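A.B. asks: Got chain P sorted already, so can you dock chain W onto it with the hints?
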Amino acid sequence: MITDILIAFTDWLGATRLTAIVAGHFWIVPALQTVHLLSIAVVLAGAVLINLRIVGLVERGQPVGAMLDRFLRPIAIGVAVLALTGVLLIAGEPTRALFRVVFWLKMALILAAVSLTWSHRISFRAGRSSAAGAAAATPLRKSIAILALLLWLAVIVAGRWIAYVEAWPGAPA
Amino acid sequence: MSLQDFAFWLSETRLAIALTDSEWAFPAIESLHVIALTLVIGSIAIVDLRLLGLASKQRDTGDLIAAILPITWLAFGVAAISGLLLFTANPVSYSENFYFLGKLSLLAVAGANMLLFHRFAHRQLAVPGALAPKLSGGASLTLWVTIVAFGRWIGFTL
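Sequence order for the protein chains is P and W.
Be aware that the first sequence starts at 4, since it is given in our numbering, and climbs by one per residue.
Be aware that the second sequence starts at 11, since it is given in our numbering, and climbs by one per residue.
In case anyone wonders, no lab produced these hints; they're calculated from the structure.
Please read all numbers here as calculations on a predicted model, not as lab measurements.
All C-beta atoms, glycine included, are put in the ideal place defined by N, C-alpha and C.
There are no misleading hints in this set.
Partner residues aside, some chain W positions facing chain P, computed with beta carbon under 8 Å: (1) 37; (2) 44; (3) 66; (4) 81; (5) 162; (6) 163.
Over the 10 Å line for every Cβ pair with chain W, so calculated as not near, a few chain P residues: (7) 27; (8) 84; (9) 89.
Just chain P, with the same shape it has in the complex (with noise of 0.2 Å):
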């Protein structure tokens, strides 16, 4: 079922323009797959600041509500410049990343991490003087930052390993 449904739609993205684009030129690939590295780059240095802040282990001497409001934006358009590479990455080849189950467990870690990252801002508000953005984390926000930068590092795991997994079974050739 759902593989018909993939299957229907990898065979029309696969006819559009989009695709013959992509495939078309040598550069475009690892160009993309460069710039999908860079913002990778930046959303896991600013999740690394972030998380690690909250557990206490850098930047100690700033409110965790300031690195949320100098790091968290950067996350997010990062996240939405890899959303869109890895778009245009699959419009390249349309049946290499939709049939694996691995690159779906990514999509979910993906959702996971994102969730858990900006649930501190339920514990840490806006505005650096803040008190609120000032206080101390408490041993639930810790155990979430941690789970959190773990999470991300499986984002790039799970990614890595959709170039070495096979299909699923009835997945096209």
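C.D. replies: For chain W alone, coordinates are given in the frame of chain P:
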């Protein structure tokens, strides 16, 4: 001994054979390499953008560098070791690849730029409107973006 000689010797070591025989070793080391290199570049970019006066403007540049540098060095260590292991899996092809050799050269230039910054430009951080830290940050950002591009091009030209 040239890089090619070293590559031939390396390709026959037990480590190289173990790496090529294993199904999961290469993707696992690659994953580690991606995590480490994106962290190197992301953390360096935070400092470069501060040097250029484009981000973290309320943070003292010297303090920011002191806070970020340990992350950069740790990640660089992991990137270098995992990179060496990836090289070991296919040393002859890499050592003959234009983009691989270009990437190594650019890494050396980026290292020299960092050394020059800490030797000279670092002292000018307190000078308002000083040009040297801005040049250093701009050069670093350009170099690292190019290094990522060269790294990605290796995979398509091997």
